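*Asks:* Single-letter residue listing:
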Amino acid sequence: MNAKAIVVTSGKGGVGKTTTTANVGAALARLGEKVAVIDTDIGLRNLDVVMGLEGRVVFDLIDVFEGRCKLKQALIKDKRVDTLYLLAASQTKDKGALSEERMQETVDLLLNEEGFDRVIIDSPAGIESGFKTAACAAQGALVVVNPEVSSVRDADRIIGLLESSGVHEVKLIINRLRPEMVKRGDMLEVDDVLEILGVKLIGIVPEDEQVLVSTNIGSPTSLEESSATSAGTAFRNIAKRLQGEDIPYPVLEPSGGFFAALRRLFGGS
Amino acid sequence: MFGLFGRKRSKDQLKDRLKLVLSYDRAGLTPGKMEELKSELLAVIHKHFPADENDYDVKLEQQGDRMVFVANLPVSQGT
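Read top to bottom, the protein sequences are chains A and B. The numbering used here numbers the first residue of the first sequence as 190 and each following residue consecutively. The numbering used here numbers the first residue of the second sequence as 1388 and each following residue consecutively.
Derived from the structure by calculation, the hints contain no laboratory data. Please read these numbers as outputs of a predicted model, since none were measured by experiment. Glycine included, every Cβ here is placed at the ideal spot set by N, Cα and C. The reader is advised that the hints may include incorrect statements.
As the list claims (entries may be wrong) - Here are the simulated BS3-like pairs of lysine-lysine, each with C-alpha atoms no more than 30 Å apart in a straight line:
id, chain 1, residue 1, chain 2, residue 2
1, A, Lys389, B, Lys1434
2, A, Lys360, A, Lys372
3, A, Lys321, B, Lys1406
4, A, Lys360, B, Lys1425
5, B, Lys1406, A, Lys360
6, B, Lys1395, B, Lys1434
Stated by the list, open to error - Just some of the chain B residues that point at chain A, by a computed CB distance under 8 Å:
id, residue
7, Lys1406
8, Ser1410
9, Leu1416
10, Lys1420
11, Glu1423
Stated by the list, open to error - Coverage of chain A stretches by chain B, computed from C-beta distances (three or more under 8 Å per stretch; other residues unrestricted):
id, stretch
12, 244-252
13, 432-440
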């Protein structure tokens, strides 16, 4: 993806925007890019806790917008990957404090003055002002969708809005795919979602308990070594595809059930 | 289309429902409005052609990038 400023969005809440922002941001930084992740969910900030940086937030995005601190002072440097920075949302202000003009300025400063290679913007749920501010400075978008009815419908709406607001590179991440349900015919498969939404794919992330475990301890799962079919690897692959690498999609096989238990019993993975 | 026990797979039902609802969403139409349009259209057609209403097929369809209003109105041959 050529875009340096990328918004992560979905329309519907709870599909994995923040998890995706943290994991793709961390993976890009691990690949050597200088990355800023910005939380624009004003009043409901969570990117800080997902990344385990909540104890270090002093200034936030709205403080920058309203001139209470310099941009540099609000950037929280991650200790695990030294090219990863967080700009937290304000927890006390409301969405009215967001300004498209300030957002644009901030992203420009990060890319042109502060030497960042990439800015990943975590959008709030919904299609109103919060989403619009998050998207206004982006040239690219990662649309996160779960293979279920309301998420797909909302993703379609968001894709339409992104296109009409000048975000040209729109790529789809199918998150929380459950191979055993796909196999039974009880969950949309990847090709179904692509056919319905008509956008290009950049990632397939399987449902993986490790994602919750990682957020419990505040450490993005993409920073851990893990198997080829894990969510962590899927997020790392998305980062590589963003950099233009042609990474094949691993075949996701059902992991639960009798045969998997049998395989484990006999020393398989 | 059908699973092991002849049951229509739930994901196929979802796919059909999503395609339909998204065609209305994208066109900014509601299914109710579409029904209204359909009956008005049929009334006009009826003035000119005798035909069985049940043969009429009026729907929204995605054709590439465009949403298309498709009306399939067979004209009865008349005996």
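*Asks:* For each hint given before, does the structure comply? Return the numbers of the non-compliant ones in rising order.
*Replies:* When the structure is compared with the hints, numbers 1, 4, 6, 8, 9, 10, 11, 12 and 13 turn out to be violated.
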